[in-house]
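*Asks:* Please take these sequences and the hints and turn them into a complete structure.
There are 2 protein chains.
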Amino acid sequence: MTGQVRTVDGRVAGRRGQATRQKLLDCLSEMLSSSPYRDVKVIDVARKAGTSPATFYQYFPDVEGAVLEIAEQMAAEGAELTGLVQGRSWVGKAGWQTAQELVDGFLEFWRKNDAILRVVDLGAAEGDKRFYKLRMKILNSVNNSLSDAVAELQSKGKVDKDVNPAAVAGALVAMLAAVASHQKGFQTWGVKQAELKPNLALLVHLGITGKKPTK
Amino acid sequence: MTGQVRTVDGRVAGRRGQATRQKLLDCLSEMLSSSPYRDVKVIDVARKAGTSPATFYQYFPDVEGAVLEIAEQMAAEGAELTGLVQGRSWVGKAGWQTAQELVDGFLEFWRKNDAILRVVDLGAAEGDKRFYKLRMKILNSVNNSLSDAVAELQSKGKVDKDVNPAAVAGALVAMLAAVASHQKGFQTWGVKQAELKPNLALLVHLGITGKKPTK
DNA sequence: ACTTGTCCTGTCATGCCGTCAGCTTACCGA
DNA sequence: TCGGTAAGCTGACGGCATGACAGGACAAGT
Numbered sequence: 002m003t004g005q006v007r008t009v010d011g012r013v014a015g016r017r018g019q020a021t022r023q024k025l026l027d028c029l030s031e032m033l034s035s036s037p038y039r040d041v042k043v044i045d046v047a048r049k050a051g052t053s054p055a056t057f058y059q060y061f062p063d064v065e066g067a068v069l070e071i072a073e074q075m076a077a078e079g080a081e082l083t084g085l086v087q088g089r090s091w092v093g094k095a096g097w098q099t100a101q102e103l104v105d106g107f108l109e110f111w112r113k114n115d116a117i118l119r120v121v122d123l124g125a126a127e128g129d130k131r132f133y134k135l136r137m138k139i140l141n142s143v144n145n146s147l148s149d150a151v152a153e154l155q156s157k158g159k160v161d162k163d164v165n166p167a168a169v170a171g172a173l174v175a176m177l178a179a180v181a182s183h184q185k186g187f188q189t190w191g192v193k194q195a196e197l198k199p200n201l202a203l204l205v206h207l208g209i210t211g212k213k214p215t216k
Numbered sequence: 002m003t004g005q006v007r008t009v010d011g012r013v014a015g016r017r018g019q020a021t022r023q024k025l026l027d028c029l030s031e032m033l034s035s036s037p038y039r040d041v042k043v044i045d046v047a048r049k050a051g052t053s054p055a056t057f058y059q060y061f062p063d064v065e066g067a068v069l070e071i072a073e074q075m076a077a078e079g080a081e082l083t084g085l086v087q088g089r090s091w092v093g094k095a096g097w098q099t100a101q102e103l104v105d106g107f108l109e110f111w112r113k114n115d116a117i118l119r120v121v122d123l124g125a126a127e128g129d130k131r132f133y134k135l136r137m138k139i140l141n142s143v144n145n146s147l148s149d150a151v152a153e154l155q156s157k158g159k160v161d162k163d164v165n166p167a168a169v170a171g172a173l174v175a176m177l178a179a180v181a182s183h184q185k186g187f188q189t190w191g192v193k194q195a196e197l198k199p200n201l202a203l204l205v206h207l208g209i210t211g212k213k214p215t216k
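Sequences listed follow chains A and B, in order. Oh and the first sequence: position 196 is 197 in this note's numbering, straight run, nothing missing. Oh and the second sequence: position 169 is 170 in this note's numbering, straight run, nothing missing.
It should be emphasised that the hints constitute simulated quantities derived from the structure, not laboratory data. Some clues are possibly wrong.
Any copy, or any two copies together, can satisfy a pair, since identical chains are not distinguished.
Claimed, not checked - Under the rule of at most 27 Å between Cα atoms (straight-line distance), these lysine-lysine pairs were calculated in the DSSO-like manner: (1) Lys198 to Lys212; (2) Lys193 to Lys113; (3) Lys24 to Lys113; (4) Lys42 to Lys130; (5) Lys193 to Lys157; (6) Lys94 to Lys198; (7) Lys185 to Lys157; (8) Lys24 to Lys138; (9) Lys198 to Lys213; (10) Lys213 to Lys157; (11) Lys159 to Lys193; (12) Lys94 to Lys185; (13) Lys138 to Lys212; (14) Lys193 to Lys130; (15) Lys185 to Lys138; (16) Lys212 to Lys162; (17) Lys198 to Lys130; (18) Lys94 to Lys212; (19) Lys212 to Lys193; (20) Lys113 to Lys198; (21) Lys49 to Lys212; (22) Lys212 to Lys159; (23) Lys198 to Lys162; (24) Lys94 to Lys49; (25) Lys162 to Lys185; (26) Lys42 to Lys193.
In this text, all values refer to a predicted model and were calculated from it rather than measured experimentally.
*Replies:* What follows is the structure in structure tokens.
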């Protein structure tokens, strides 16, 4: 996809250049998880990476640009999420297992990348098409698979005709993402992490199949 | 609660002062819906309000402080959400109606205040306790009512014992909030606003009662 | 050693931040 | 009517981030 890494002014980046570029990305990523997005300054990132602001601007047009880059890398890894739903059964005990593993994998992925995902979410909500497309890219694999699962059950007459597979799948994915973002919120609400998961799995199972799971 | 409105340096604000203060809040609010949170500058808000940056800092410690103020006002209005669930029935056709009206009211409220809610969400996700408490305050009314509903059905033996009411309620509320934030996202996903609502209502009904609604 | 192209940084103009002293305005009691 | 007092506002300033540029350092090939 990305044939060559290029600097802002069009030069092709070599070995060393790519290294510092990556270092800047790493430092920015770290910065995002330790301080509010709004307060992340180019100069801090540069200092942390042992270089100067000017260098940063050689590789990225601005902070947002760099964030998009990080998010892009993450989206690529996010493809692993597909495996959580693709080709799985939603019937009987296997269905319950599928729901559980989906929830587990999803929360884990989100927790691992929470800082960057927050920013992507904000960008998307603010209407920025780039972030918005990126968010789709990440969620699409899961969403499409879920949507297919609903559609298939529907064709077999196991799910009502007036259910919109895409809407249900989208809502469930949004739920998982939101809960993952606010995991800490649930704790103070008196819900422990361990308790949360099975209840989420239950909701997912109910949403997809319309039935309570057989455990 | 707030006995007197005070400036940062401790003076009590009079008629005129409160007016400019409110004007600044209004302008900030408008600013937030038209440009990314990260790019909202004090000087722009001040200019828009026909005053100077120094005046802004007389009433608010920083942009964040002003945002919290706006959010607080909104949270007060958010109490109206309570009416969407409190004392409603979740049985039979009435249950379906309850679910529909909840979804409707929730989406409407979110759409009306989306700009500020985005920022609150971000702040909460970033771990800022003030935003986080505020988010709770807004969602608590709905969340508690839903939680109670589940607990009640549970005591009647209509819902499984191993369901955690708070977890389910929290997840459903998070889902509604997330879907509301990304309503545009669903459109490009091929799901129309009108189609989305009943499917959300279905999920809510399933989650609360464990059964398909009778329409 | 020399050349070439990559890579980094010092420096600078610009603009926003956040603060302060000081000016203007409104209110109030004598 | 006339100060006196507190509220209300702003010009100006040091400080820092931004973003652009030109030039120096460096690695690799010849």
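*Asks:* So, for every hint listed, does it hold in this structure?
*Replies:* Consistency of the hints with the structure:
Both within a single protomer and between protomers do Lys198 and Lys212 lie at most 27 Å apart by alpha-carbon distance, with minima of 18 Å and 20 Å respectively. Only within a single protomer do Lys193 and Lys113 lie at most 27 Å apart by alpha-carbon distance; the minimum there is 19 Å, versus 32 Å between protomers. Proximity of Lys24 and Lys113 under a CA criterion of 27 Å is satisfied intra-copy only: 19 Å inside one chain copy versus 41 Å between copies. In this assembly of identical chains, the alpha carbons of Lys42 and Lys130 lie at most 27 Å apart whether taken from the same copy (23 Å) or from different copies (22 Å).
Within a single copy, Lys193 and Lys157 get their C-alpha atoms only as close as 37 Å, which misses the 27 Å cut-off; across copies the closest is 25 Å, which meets it. In the homo-oligomer, the alpha carbons of Lys94 and Lys198 lie at most 27 Å apart inside one protomer (17 Å), although the nearest pairing across protomers, at 30 Å, exceeds that limit. In this assembly of identical chains, the alpha carbons of Lys185 and Lys157 never lie at most 27 Å apart, being 40 Å within a copy and 31 Å across copies at closest. For the homomeric pair Lys24 and Lys138, the shortest alpha-carbon distance inside one copy (25 Å) is at most 27 Å, but the shortest distance between copies (40 Å) is not.
For a Cα distance limit of 27 Å, the shortest separation of Lys198 from Lys213 qualifies both inside one copy, at 16 Å, and across copies, at 22 Å. For a Cα distance limit of 27 Å, the shortest separation of Lys213 from Lys157 qualifies both inside one copy, at 18 Å, and across copies, at 18 Å. For a Cα distance limit of 27 Å, the shortest separation of Lys159 from Lys193 across copies, 24 Å, qualifies, whereas the shortest one inside one copy, 33 Å, does not. With identical chains, the CA atoms of Lys94 and Lys185 are never at most 27 Å apart, being 30 Å at best within one copy and 36 Å at best between copies.
Proximity of Lys138 and Lys212 under a CA criterion of 27 Å is satisfied in neither setting, with 29 Å inside one chain copy and 33 Å between copies. In this assembly of identical chains, Lys193 and Lys130 lie within 27 Å of each other by CA distance solely across copies; the values are 19 Å between and 36 Å within a copy. Proximity of Lys185 and Lys138 under a CA criterion of 27 Å is satisfied in both settings, with 26 Å inside one chain copy and 15 Å between copies. For the identical chains of this complex, Lys212 and Lys162 are neighbours both inside a copy (15 Å) and across copies (16 Å), given an alpha-carbon limit of 27 Å.
When the C-alpha separation of Lys198 and Lys130 is checked against a cutoff of 27 Å, the pair qualifies only between copies, where the shortest distance is 24 Å, while the shortest distance within a copy is 32 Å. Both within a single protomer and between protomers do Lys94 and Lys212 lie at most 27 Å apart by alpha-carbon distance, with minima of 12 Å and 19 Å respectively. Proximity of Lys212 to Lys193 under the C-alpha cut-off of 27 Å is found in both arrangements, the shortest distances being 25 Å within a copy and 25 Å between copies. Only within a single protomer do Lys113 and Lys198 lie at most 27 Å apart by alpha-carbon distance; the minimum there is 16 Å, versus 32 Å between protomers.
In this assembly of identical chains, the alpha carbons of Lys49 and Lys212 never lie at most 27 Å apart, being 52 Å within a copy and 54 Å across copies at closest. In the homo-oligomer, the alpha carbons of Lys212 and Lys159 lie at most 27 Å apart both inside one protomer (10 Å) and across protomers (14 Å), since each shortest distance falls under that limit. For a Cα distance limit of 27 Å, the shortest separation of Lys198 from Lys162 across copies, 16 Å, qualifies, whereas the shortest one inside one copy, 29 Å, does not. Proximity of Lys94 to Lys49 under the C-alpha cut-off of 27 Å is found in neither arrangement, the shortest distances being 50 Å within a copy and 60 Å between copies.
Only between protomers do Lys162 and Lys185 lie at most 27 Å apart by alpha-carbon distance; the minimum there is 25 Å, versus 38 Å within a single protomer. Proximity of Lys42 to Lys193 under the C-alpha cut-off of 27 Å is found in neither arrangement, the shortest distances being 35 Å within a copy and 39 Å between copies.
The structure is inconsistent with the numbered hints 7, 12, 13, 21, 24, 26, although it conforms to all the rest.
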